[in-house]
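All chains, full assembly: derive it from the sequences and hints.
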Amino acid sequence: MATAQVSERMAEQIGVLICEAREHLADALEEYLKSKKVDIGVINVNDKLNIERLFTETVNSYIIAEIAAMVSYLIYDELKNDDILKSTVPTMLQQYESMFERIPDNMVNKTSDLPDLAKRVLESETEKDEIVKFLLRDIGTMSRGNYLKASFDAAVLNFLGE
Amino acid sequence: MTNKWSRELTPRDDALHPCTVPGAWEWWYFDADFENGYTTAGTYHYGSPRPPANSDARFIEIALYSPEGERRMVRKRYPVDQCSFSTEVCDVVIGPNHMKMIGNIDKYHIYMSEGDQGLDLTYERLVGGYVTPGQAQPAEAYPPNTPPSWIVFQTRARVTGTLTWDGKTMNVTGIGYHDHNIESAPYGTKGGGLGASGYGSPGSNAFWSKLHAGDWTVNWVLGRSSRRGGYRSTGGTGGRVIAYKGNEIVAVTTRGYAVGSDTTTEGTGVEWPRHVKVTFDEPGLIEGTLDLDVTQQIEFMDLYSRFKPFQKWYGETFIGHPAYFRHRFNYDADLAIVGEKVRAQGKFWMEHHKFGRGY
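Sequences listed follow chains A and B, in order. For reference, each letter of the first sequence is one residue, going 20 to 181 in this note's numbering. For reference, each letter of the second sequence is one residue, going 486 to 844 in this note's numbering.
Think of the hints as simulated: they come from the structure by calculation, not from any bench.
One-sided and incomplete, this derived list gives chain A residues near chain B with beta-carbon spacing under 8 Å:
#1 Val35
#2 Glu42
#3 Lys129
#4 Ala173
#5 Ala174
#6 Asn177
#7 Glu181
In the BS3-like style, the derived pairs of lysine-lysine whose C-alpha atoms are separated by at most 25 Å in a straight line are:
#8 A/Lys105 x B/Lys797
#9 A/Lys138 x B/Lys793
#10 B/Lys793 x A/Lys99
#11 B/Lys793 x A/Lys129
#12 A/Lys147 x B/Lys793
#13 B/Lys797 x A/Lys138
By construction, the Cβ of each residue, glycine as well, lies at the ideal position given by its N, Cα and C atoms.
So this is what it looks like as C-alpha cells:
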C-alpha cells in the first residue's frame, strides 16, 4: 500500500477511535451521575476531579496505545525499521503506564483475551513475518502492567493484516 | 417509465459498468416469492462486495428457502475465463449459470444449476423500475462519474419456471424483483473502518424490503444511524422509499427511518432485532408506519468471517460487528400515499445490513 494510502487510512482510524472513546466517556459519566443518586445540580470540586479521572481513564483505555500504534505503523511502513515497533514506542508506553495510580477496568477487560489469542495465532501453521512473530510472542508473555503495550501490539498486528 | 422521479432505464443500464477502481464491484440481484411458500434470493457477482476487495471474484450466491425456513445456499466461484459480461445489455454468464434479458428490460431469463439445487425462471415486468435522477447515465464508465449504486429494473415481476430443491424439481409461479448494484468499495469499508463502517458513518443499520398491497407497491430501504451518527434517519444518506400505484411511480422520498428493538444474539452471536418499526415521514407524499415482527431468520452472514484474529479484535473493540441478515416477518402497514389510505397485513421478508454497533 502506498504511503499516502496508509496515511489516509490511519487518519480515518483516528476518527474511529475518538468516536468509540467519546461513547465510553459519556457512558462512564452517566454511570457516575447515577451513582450519586441526586440531581447533579452544581458540579463541585470533587465532581470535577472524578470527571477528570473518567476522561483520563477513557483516553488511557481507548486512545493512547492505538494512536501510538497508528503513528508507529506509519513510520515503520516508511522506514522499515523494526525497532520502532519492537522497542522505541513500547518502552515509552510502559514508562507512561508505570505512572498510573490505577489500571482502568476497561483497559483490563479490553486486553484480557489477547494473550490466548496471540498464542493461538502463534501456534497456527500460517506463515508469519518476523515482526509478526515478535509481536505475538510479546503479547503472549504479557504480564500485569503491560496493558498499553499489549493494546499497541494488537493494533499493530491488525494494521499488519493479522 | 420517465417522470419527475426517475429517468428512463435502458438495457445498457443493466450491462456491466467498466471500472478501474480496485475495490469496485457489481451484482445483479433477483428474488422471488412463490405461491408454494418457497423463496429465492440471489446475486451474480463481478468483484467482491465483502472485504477484502477482489475485482477478480466471479461467483454466484443464490439462496433457496423452504416455507419452513430451511435454506440451501449455492455459493460458487468460477475462473474469469469461464465468465462473460456484456457492456451493452444484461448478459451475465458465470460458469453454467446465467442471467440474461430477453429483448429488453421487460423480460429476463435466470438460470442456475449447481449440484442438487437449481432454478430456471422467467421474469416478466409488472411494475417498472427506478434510478436516482442524475446518477448513472447508461453504462458510462466511472470514475469520474458517481457510481449509480442502485438501479431497479423490475420492482414487481411475474415469475414462472422451475425450482430444484435437493434434486427435486417443482413448477413454480410467483412475484419477483430484479435490481443491479454498483459500488466503488466493498460493503463496510467506506468511511474509514477496516472492514466495518467508520466513524461518523450514519449507516449503522439498513433494512430493505417491499410492500405489495393490492395495486400499490412500495420499495423501501431505511435505517437509522447509531449513537455515533447522532441517531439520524437515513434520509438523504442512502435511505429511499419509492411508491408505485400500478406501474407508475407516484412518490419518492428519503424521509423516513427504521429502528430495530427487542434485540437478541440468538443463533448468530451478533445482535439482531425481533421487531422493526418503519416510519415514512413525508406528509402529502408518503407517511405512516410499518410494524414488522420477525418470525424467522433465514439468512446470516458474518462480515468478519474472513478477517484474521487481530483484525476481528480491533473491529469488535472499536467499531462493532457488521453482518448481513434476511428475516421473514409479519407486517402491519398503516400508510397514506399521495393522500390515499393504504392498510395491509401479511407476511414477507427483509434484508438487513448491520454495519456497526447498536440500533
